[in-house]
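Chains as they are written, first to last, in this note's numbering: chain B, 1 to 213; chain H, 1 to 332.
Calculated from the structure, these hints are not laboratory results. Be aware that one or more of the hints could be misleading.
Cut-off 30 angstroms, straight-line C-alpha distance, at most; resulting in silico cross-link-like pairs (DSSO-like, lysine-lysine) [to be verified]:
no.: 1; chain 1: H; residue 1: Lys-41; chain 2: B; residue 2: Lys-61
no.: 2; chain 1: H; residue 1: Lys-256; chain 2: H; residue 2: Lys-328
no.: 3; chain 1: H; residue 1: Lys-237; chain 2: H; residue 2: Lys-328
no.: 4; chain 1: H; residue 1: Lys-256; chain 2: H; residue 2: Lys-332
no.: 5; chain 1: H; residue 1: Lys-306; chain 2: H; residue 2: Lys-237
no.: 6; chain 1: H; residue 1: Lys-237; chain 2: H; residue 2: Lys-332
no.: 7; chain 1: H; residue 1: Lys-306; chain 2: B; residue 2: Lys-198
no.: 8; chain 1: H; residue 1: Lys-328; chain 2: H; residue 2: Lys-306
no.: 9; chain 1: H; residue 1: Lys-306; chain 2: B; residue 2: Lys-61
no.: 10; chain 1: H; residue 1: Lys-332; chain 2: H; residue 2: Lys-306
no.: 11; chain 1: B; residue 1: Lys-61; chain 2: H; residue 2: Lys-332
no.: 12; chain 1: H; residue 1: Lys-256; chain 2: B; residue 2: Lys-198
no.: 13; chain 1: B; residue 1: Lys-61; chain 2: H; residue 2: Lys-256
no.: 14; chain 1: H; residue 1: Lys-256; chain 2: H; residue 2: Lys-306
no.: 15; chain 1: H; residue 1: Lys-256; chain 2: H; residue 2: Lys-237
no.: 16; chain 1: B; residue 1: Lys-198; chain 2: B; residue 2: Lys-61
Non-contacting residues of chain B with respect to chain H, defined by C-beta distances greater than 12 angstroms in every case (computed) [to be verified]:
no.: 17; residue: Thr-22
no.: 18; residue: Gly-60
no.: 19; residue: Gly-69
no.: 20; residue: Ala-72
no.: 21; residue: Leu-95
no.: 22; residue: Pro-107
no.: 23; residue: Thr-110
no.: 24; residue: Arg-132
no.: 25; residue: Val-139
no.: 26; residue: Asn-151
no.: 27; residue: Ser-152
no.: 28; residue: Ile-153
no.: 29; residue: Gly-157
no.: 30; residue: Gly-171
no.: 31; residue: Arg-199
no.: 32; residue: Val-210
In this text the structure is predicted, and so the values were computed from the model without any measurement. Glycine is no exception: its CB is placed at the ideal position from the N, C-alpha and C atoms.
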Amino acid sequence: MLVVPSIARAQLVGRDLPRMGTFEISGGALWSGGYSFETALANETRNPTTGTAPLTLFQGKPRLDTATGAEAHLGMYLGRRVSIEGGVQFSRPSLTVRTSADFENAPETTAASPITQYVIDGSLLYQFRSGRLGPFVSVGAGYLRQILENNSIVETGNEIHGGGGVKYWFGGGRRFGFRAEARVSSRSGGVSLDALAKRRLVPAVSAGLVYLF
Amino acid sequence: MRRIASLLVCLVCVVVFGGGVEAYLKLGTRANGRSISLQWKQLPIRYFVTNRSVSGVTATQFQQTIAHAFSTWDSVEGVALSSQFAGFTSAPPLDDDSVSVIGFANRPNLDRVLGQTSFTFDVVTGELVESDIFFNASFQWSVAQAGETDRFDLESIALHEIGHLHGLGHSGLGETELRAGGRRVLGAEAVMFPIAFSAGTTLDRTLRADDIAGIRDLYGTDTSRRATGSISGRVTKNGVGVAGAHVVAFNPSNGKLVGGFTLDDDGSFVIAGLDPGPQVLRAEPLDDAETDSFFDATVNVDVNFKPAFSTRLIVVPIGGTARNVEIKVVPK
C-alpha cells in the first residue's frame, strides 16, 4: 500500500519533466550585493619642516552599494536535467563616497550618484531531481555594462558566476512555477574608484516566476 | 591700447590684478562687460635673462634653471605652449619695454617676497605682450640638485612665477598655520599656492594636478579638451551665493586634487581640466592665505562658513560639463 502511490507519483512527475527542446522563460526581482573600493586619501605634499607624512585633507571610502532590480531568463533544455539559458539583469545601485577625517573638521558626508547596471549572461543549469521541488545548480559568464549619471560615461566588464536554487512547480500541469536562486559573481572591469585591477565578488539573490513551453 | 596690470605680492609671489578673474585662478580682465583670460597668443614666448649673478647662482646657472622651468610647463601633455631664450640682457626686469625680462633684483623692502611677476597686456583682447619676473636678491638662492639648507630653490620659485607669466593666478590648495612673522605652509598640492615651502626644499619642481589642469584650461589642445571635462555650480549659504569660496574636486580613483573658486556674489564656480569620472567636491573658506593673494578688492570674499562636502558625487563627462552642482555650507 505504501509503495504503489510512490510509484504513481514518480510516473506522473516523470511524464511532465521537460524534454530536450523545451523552452523555459522566467523573470522576477533581484537583489545585488555591493562592494567597497580602497580608501582614497586626499593628500597634499607636506612641507618638510613640519613633518614627513603627506598632509591628508580628508579621506573617502568609495563603495558600490547594494541594489534591487529585475531579471529575466530564456532557457532551453538539452535533456531532462541539463539546460542552457541566457539572461539579463537590471539594477540601479548607487556609487558612494563616504568622506571623513577632514583636516578642517568638515562634517562626514556621503556623496552619492546612481548608476544604471546591466548584466547580460549565459548559464548552464543542472537539475538534480524531478519533483515538484527541483533544486539546481548553475555556472556561467556574462557581460557587465554600467552607465554613470546622465549617460555621460559607460564602463564595461565581464563576470563569471556560480550558484544554485530551486524551482517549485504549481498544480498538475507542471508548467508554471516559482524560481529562487542565489549566485556569486566574480566581476572584472566596470566602474572603479581605486587603482586596483582586481576581480570583485558580488552576491545576488533573485526570485520570480517560471513558465515552460 | 595697452597697459600694465598691477602687481600683488605674497611670500612667494605675486599677482592678481584689477579686473575680473575666472575660476582657477586664471588671470583676467574685463572688457565690454565680459571676463577675458590673459594669455599669450604669439608662441614661442621669447624672454631675456639678466646677466647678473648672485651668491650661489651664476648668470649661466640662472639662465639654465629658468629654461628648465619653462620646459616643465611646455612639456605638460595636451598643452600647446613653447618658449625661447632670446639672450642675456643688462636691462632690469619690471620695465615696460615690450621685452620680457627675467632676473634678480635687490628689493630688501619686500622682505616677504621671493619673486614677483608683472604683465603688459591688451586690455581688449587679453593678449599678453610682455611679462617680467624678478627674484628678490635679498634672499639666499640655490640651484643645487638636492637643494641647500636655508637657501630657496630657484627652480621651484621660477616654476611658480612662470606659471603667473603664462596667465595663472594663485591656487588655494594648501594648508597653513599662523606663526610669528607670517604664515607657514603645512602642506600644499599646487606649485601655484601663494606661500612657498621652507627654504632648502625642492618639492615644488614638479607640477601637480591642479597646476596641470590650470595650464590645460588656458593652453589645452582640442584633443586634451575633448578628453577632459568640467564641473559648474554654486556654493550657497542659507540659499545665498558665497563669493570667494575655495572649491576642491577630488578624484578618488587617482587622488588628484584640483581647485577653483567662486568668483561672484552668486557663488558660481567652474573647474575645468578634470579627469572624466566621479569626483568629490568640497568647499572651504579662503583662510590659508591673505585673500588679496587671490582676488582684488572687487570680490567680496566671505570666509564666515564651515568647510562642507557636496552630497552629490559628481560624474564629470568626457569633453563636457557636469552642471547645476550646489554645495550648501553653514555659517561658522
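Original post:
Which hints from the list above does the structure break, by number from lowest to highest?
Top reply: 1, 7, 18, 21, 22, 23, 26, 27 and 28
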